[in-house]
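A.B. asks: Sequence:
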Amino acid sequence: MKTTKLYLMLFLALGIIGCEKDFLDVPPTNQFEDPGYWTSEENVETFAYGFYPAYFVGYGSGYTWGEYFSGEVLNDDFAPSAPAQFTRVAPASGGGWDFGWVRKANIFIERLQLADMDEEANAHWTGIGRFFRALEYHDLVNRFGDVPWYEEEIAENDVENLYRPRDSRGFVMDKVLEDFRYAAENVREEVKNEGQMVNRNVVLAFMSRIFLFEGTWQKYNNGDTERAAKYLEAAKWAANEVIKSGKFSLGDYRSVFNSLDLSSDPEVILYREYQEGILTHALNSYNNKEPQTGPSKDALDAYLAEDGLPVELSPLYEGDHGVDELFANRDGRMSETFVPYELRVNQTDARYSTSGVAVHKFLNEEIADEPIGSSNLNPTDAPIIRYGEVLINYAEAAAELATLGGPALTQEDLDKSINVLRARPKVDLPSLQLAGDMPAVNGQTYDDPDRDPSVPAIIWEIRRERRVELMMEGFRNDDLRRWGKYHYVDTIENYPINMGAWIDKEVLQAQNPDADLSAIHLADAQGNRLPASATQGYIVPASSPEVQRTFEDPRVYLRPLPLDQIKLYADQGVDLEQNPGW
1 MKTTKLYLML FLALGIIGCE KDFLDVPPTN QFEDPGYWTS EENVETFAYG
51 FYPAYFVGYG SGYTWGEYFS GEVLNDDFAP SAPAQFTRVA PASGGGWDFG
101 WVRKANIFIE RLQLADMDEE ANAHWTGIGR FFRALEYHDL VNRFGDVPWY
151 EEEIAENDVE NLYRPRDSRG FVMDKVLEDF RYAAENVREE VKNEGQMVNR
201 NVVLAFMSRI FLFEGTWQKY NNGDTERAAK YLEAAKWAAN EVIKSGKFSL
251 GDYRSVFNSL DLSSDPEVIL YREYQEGILT HALNSYNNKE PQTGPSKDAL
301 DAYLAEDGLP VELSPLYEGD HGVDELFANR DGRMSETFVP YELRVNQTDA
351 RYSTSGVAVH KFLNEEIADE PIGSSNLNPT DAPIIRYGEV LINYAEAAAE
401 LATLGGPALT QEDLDKSINV LRARPKVDLP SLQLAGDMPA VNGQTYDDPD
451 RDPSVPAIIW EIRRERRVEL MMEGFRNDDL RRWGKYHYVD TIENYPINMG
501 AWIDKEVLQA QNPDADLSAI HLADAQGNRL PASATQGYIV PASSPEVQRT
551 FEDPRVYLRP LPLDQIKLYA DQGVDLEQNP GW
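For the sequence shown, the residue numbers in my numbering are 1 to 582.
The hints are simulated quantities; they were obtained by calculation from the structure and are not laboratory data. Careful, some of the hints might be misleading.
Derived lysine to any residue pairs resembling SDA-like cross-links, with alpha carbons at most 20 Å apart [as the list claims (entries may be wrong)]:
no. : residue 1 : residue 2
1   : LYS247    : ASN419
2   : LYS426    : PRO266
3   : LYS244    : GLU190
4   : LYS289    : ARG351
5   : LYS289    : ASN376
6   : LYS175    : GLU153
7   : LYS175    : PRO91
8   : LYS175    : LYS192
9   : LYS244    : GLU185
10  : LYS485    : ARG451
11  : LYS416    : GLU241
12  : LYS567    : VAL89
13  : LYS567    : PHE99
14  : LYS175    : ARG227
15  : LYS567    : ASN579
16  : LYS426    : ALA525
17  : LYS485    : GLU473
18  : LYS175    : MET197
19  : LYS426    : ARG467
20  : LYS247    : ALA423
21  : LYS192    : PRO371
22  : LYS289    : PRO371
Modelling step: build the complete structure from the supplied sequences, incorporating the hints.
C.D. replies: Put into structure tokens, the structure is as follows:
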């Protein structure tokens, strides 16, 4: 049995272990504020633990699976029977417009200056505080765009500052970059409970994630190429610092997601520990004993053949008319992510998948049939941020920066990032090569016939690599938003996202006479719905016209501000302008 680590015990002692971050909840800012508390580094450290369960959700707790395998959100990887819809109206209240966690970070940064610590310790913990403040502001900017910037504790009666107008997105993210740079310079490289506490590599890994997001957002949504280049340069630098550290490597792909103990996994930069009887989740269960939202045909088609070519170009691709053909000669991560030996189409089966293909990336088979493998008792550890993501962050930042006047993308860039991912055990894809500005494998230049013509061919391949490497890990929605590609989630325009496995009902019925296939709707390869009498075709999970999801208004790239906040500001004489289109 793995050892329960220090901060897990402190979470329990503080009574916050189950408190996932909810923007509707203001964190308790009246605790630990007395100057008598801020006397030692130990007390400062204890206060900092309160940020961990809020920002490092992992697989959640209880009957949740956190940020992973979120099939009911807006993306093109899942094929649900009732697709999530775009927000239609501004909320009356809530909606995520809350600055409680900013306040908590600012209190931490200010109060820790009172503690009896040397200069190095003070700089480290100030860096930790600025890191968490930066995470919170990224979340706020991600949702709303312009938000007011606070870098000091605001008194409850300071009305003028409490109702401060929104600062521009660029101004706020410049401040976030300052916070990250400070943290990267001052947070310790070595900390106790390595892998479970924030150190310099954790800061750098998140820096690569956040500024890849913001750099591409500025490029594709705001048109601010100067600021985009600055942020992408920061993302590339941060990822390269992690690579240069030499502390991480890639092992077995699935073990990162279904392990009972991630403490020795060479890929994991930060993880959340789970312990039987103390802190558990339900992700393992959802991969094993419950109906699930399966992957779309669009997602399955994204996996390359094992010769490194897209399926429409590879002579090794055997087609998808059967589970054996579908998984034959493909990128090894495909069979590491999805069940490669059966289709789950029986609608009365407890393990039914909406698309016929099931996910098992997160399933630990050794405990699947034990009590801890069912319900909400799963104790598998959750990766918070891992080296595989940092590598793909580096590749994309380097490629995008090259389009904005930065250094040209080189073969060395690909070899230290994407080609490390492709050399992972059980993947073994040929290296991605550069042929001018085109992708190539084994000296063969290619251009995917399914490529979005607005995306350069090499960036298309880097985005494919990102999609495959991070499949079902909660990134896809934000990726589509930052690229300005929300039309990909339109189930009418992009019909393969509302298609699943190809099946022959008669064959399946003969194999399992008790199977219920009556309500399965089918389509041909072009997405045309077939008559009810048809027995062969691709599963259409969302068959009713009323449940289709259409992308009609770019306003949905940002969330609307809650109406009660607009009124509260107006009552103070401040115009809190609503986001465009809302």
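A.B. asks: Could you run down the list of hints and mark each one as holding or not?
C.D. replies: Now the hints, each set against the structure:
Among the hinted pairs, LYS247 with ASN419 is consistent with the structure: their alpha-carbon atoms are about 18 Å apart, no more than 20 Å. A hinted pair counts as satisfied when its Cα atoms are at most 20 Å apart, and LYS426 with PRO266 qualifies at roughly 16 Å. Among the hinted pairs, LYS244 with GLU190 is consistent with the structure: their alpha-carbon atoms are about 16 Å apart, no more than 20 Å. At roughly 5 Å between alpha-carbon atoms, LYS289 and ARG351 fall within 20 Å of each other, so this suggested pair holds.
As the CA atoms of LYS289 and ASN376 are separated by approximately 12 Å, the hinted pair is consistent with the 20 Å bound. Among the hinted pairs, LYS175 with GLU153 is consistent with the structure: their alpha-carbon atoms are about 16 Å apart, no more than 20 Å. A distance of roughly 28 Å separates the Cα atoms of LYS175 and PRO91; the hinted pair therefore is violated under the 20 Å criterion. For the hint linking LYS175 to LYS192, the alpha-carbon distance of about 29 Å lies beyond 20 Å, and the restraint is violated.
For the proposed pair LYS244 and GLU185, the alpha carbon gap of about 16 Å is at most 20 Å, so the pair holds. Between the alpha carbons of LYS485 and ARG451 the distance comes to roughly 13 Å, so the proposed pair stays at or under 20 Å and holds. Pair hint LYS416 plus GLU241 holds up; C-alpha atoms about 12 Å apart against a cutoff of 20 Å. Of the pairs offered as hints, the one joining LYS567 and VAL89 holds, with about 16 Å between alpha carbons and a cut-off of 20 Å not exceeded.
Annotation: proposed proximity of LYS567 to PHE99 holds, straight-line Cα distance about 17 Å (limit 20 Å). Using a Cα cut-off of 20 Å, the hinted pair LYS175 and ARG227 holds, with the two alpha carbons roughly 13 Å apart. Of the pairs offered as hints, the one joining LYS567 and ASN579 holds, with about 15 Å between alpha carbons and a cut-off of 20 Å not exceeded. Between LYS426 and ALA525 the CA atoms are separated by roughly 30 Å; this puts the pair beyond 20 Å, and the hint is violated.
Between the alpha carbons of LYS485 and GLU473 the distance comes to roughly 19 Å, so the proposed pair stays at or under 20 Å and holds. A distance of roughly 24 Å separates the Cα atoms of LYS175 and MET197; the hinted pair therefore is violated under the 20 Å criterion. Between LYS426 and ARG467 the alpha-carbon distance is near 18 Å, which keeps this suggested pair within the 20 Å criterion. This hinted pair checks out: LYS247 and ALA423 have alpha carbons roughly 18 Å apart, not beyond 20 Å.
The suggested pairing of LYS192 with PRO371 is violated, with an alpha-carbon distance near 33 Å, which exceeds 20 Å. Between LYS289 and PRO371 the CA atoms are separated by roughly 12 Å; this keeps the pair inside 20 Å, and the hint holds.
In summary, the numbered hints that this structure violates are 7, 8, 16, 18, 21.
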